[in-house]
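*Asks:* Combine both chains into one complex, guided by the hints.
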Amino acid sequence: MSSQPYVRPFSKTTWYMRKGRYKVYMLREVTCLLVGFYAFLTIAGLAALAKGPNAWISFLVSQQNTAMIAFHAIALLYFLFFQTFAWFKLAPKAMPIQVGGKNLSGQYVVIGHYIAWAVLSAFIFWLAGVI
Amino acid sequence: MAIAKKAVVWGLFAAGGTLSSFIFPALIALFLLVALGFTPDGLQYEHIYAFAASWLGKAALFIVLFLSLWHAAHRLRVVFHDFGVRKDGLIATAVYLVATAGTVMTAFYLYSIN
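Top line first, the protein sequences correspond to chains A and B.
56 is the number that the numbering used here gives to position 56 of the first sequence; each next residue is one higher, with no gaps.
58 is the number that the numbering used here gives to position 58 of the second sequence; each next residue is one higher, with no gaps.
It cannot be assumed that every hint is accurate.
Calculated lysine-lysine pairs in the DSSO-like style (CA-CA distance at most 30 angstroms, straight line) [as the list claims (entries may be wrong)]:
1. 93/A with 19/A
2. 89/A with 19/A
3. 58/B with 51/A
4. 23/A with 87/B
To be clear about the criterion: a stretch of chain B counts as covered by chain A if any three or more of its residues have a C-beta under 8 angstroms from a C-beta of chain A, and this derived list gives those stretches [what the hints assert, rightly or not]:
5. 18-31
6. 48-60
7. 65-73
8. 77-90
9. 104-112
No wet-lab data here; the hints were simulated from the structure.
Built from N, CA and C at the ideal position, the CB exists for glycine as well.
Looking at chain B on its own, in the form it has when it is part of the complex (with noise of 0.2 angstroms):
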């Protein structure tokens, strides 16, 4: 049991990895864009508001966010074990929690966009 519970931790931490390597640099490079003043026409609101009603739009961003926060959430837990912090069912249940909050804020927010 507990070696099939750290396969599943561990899968999504590599999905959400692999994923926000992909996809990250270019997520970052488009809000330098808009923060340099260069709002790139696809991220005007009828256009992004198209993008994220459309099923195709809605699943990307919705498994693009959850596994970059289970990614984040896992190794941060890790980090916190790496800089000397032993409380690893603390931390756990809150890097977790923080983790499932985003996924549900992400659902939410993507089932009022229609």
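Chain A on its own, in the form it takes in the complex (with noise of 0.2 angstroms):
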């Protein structure tokens, strides 16, 4: 008799390709490379900004080239999709609003995200002076 237990195989660095919605959360997960990318971009910017008005303006440009045209609006779709809508998905989960003892319609909760979403980023670009 052995007294070993079963350990199911599994591999520790592909497990995720099993199901789809591992893939999804790998996906997910992933956007963090993203997040960290372009708070170090806005960090460039501001060191640049510390320097001066020629500083600024050669960061401007050097933001200037097909590759970061490609890059930006390939960032900003996966960006959209994995870590925006899928943040919003999740809120009701995360935080269950009460009201009168009951729990509010997780789909409250999300439009309310949306919407507060929408105003916001409507207040960036007016404030980037865009709109």
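*Replies:* Structural data, given as structure tokens:
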């Protein structure tokens, strides 16, 4: 009789390829690379801003190339689907809101997030002088 | 103690995830506009400098960058584990160090803008 417990074999590096929702989980988790990238890109902008007008213009010009256009366009779509929309979808589970002793339908929490997001984005675009 | 620490780490992660979800699409869109050569008026030197020099602008930039960096660091730590890297102590030290470095840089540059 063996006293060894049965250990189901699984790959530590490719386990998420077995199921669709594991793959979606991984696609969602790697958005942290984009968050980190844009945080540091903004910090690079702040460094240029602190240095002076010429450094700021150089920073803006250094961003103007086809590779960055393609990167930002793909990053924007990826971020919307796997970070923003995914986060909003999970929001009612992470913070259920009670009204009069009853849980508010998750639908309202999600819609609330979308409305707040639209207002905040419009405010940022207004602040930046886009609209 | 362990639970209290976890709550802080997770709280920062959740706050950063929420803030980045709300703000980063607009931020990426602004970078896209700049890359396309349409630098909006608010990103001209005088305007963006005045924004970063104001207390409200400083506070907004610091909070968004600090929390986003912590969110990214914490998630990246888990991603390393998910991809089969089993050196959590080393990974945790590295990612939180980079996030701290970014936070210190943010504070320093914002301090220099006035």
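*Asks:* It remains to establish, for every hint, whether it holds in the given structure.
*Replies:* Structure-based check of all given hints:
1. 93/A with 19/A: holds, 22 angstroms
2. 89/A with 19/A: Measuring from Cα to Cα gives roughly 20 angstroms; hence the hint holds.
3. 58/B with 51/A: Holds: residue 58/B and residue 51/A sit about 16 angstroms apart, inside 30 angstroms.
4. 23/A with 87/B: Distance ~23 angstroms between residue 23/A and residue 87/B Cα, so the pair holds.
5. 18-31: holds (count 13)
6. 48-60: It holds, with 4 qualifying residues against the three required.
7. 65-73: With 6 residues close enough to chain A, the hint holds.
8. 77-90: Held - the region 77-90 of chain B has 6 residues with a Cβ nearer than 8 angstroms to chain A, which meets the minimum of three.
9. 104-112: n = 5 at 8 angstroms, threshold three: holds.
In this structure, every one of the numbered hints holds.
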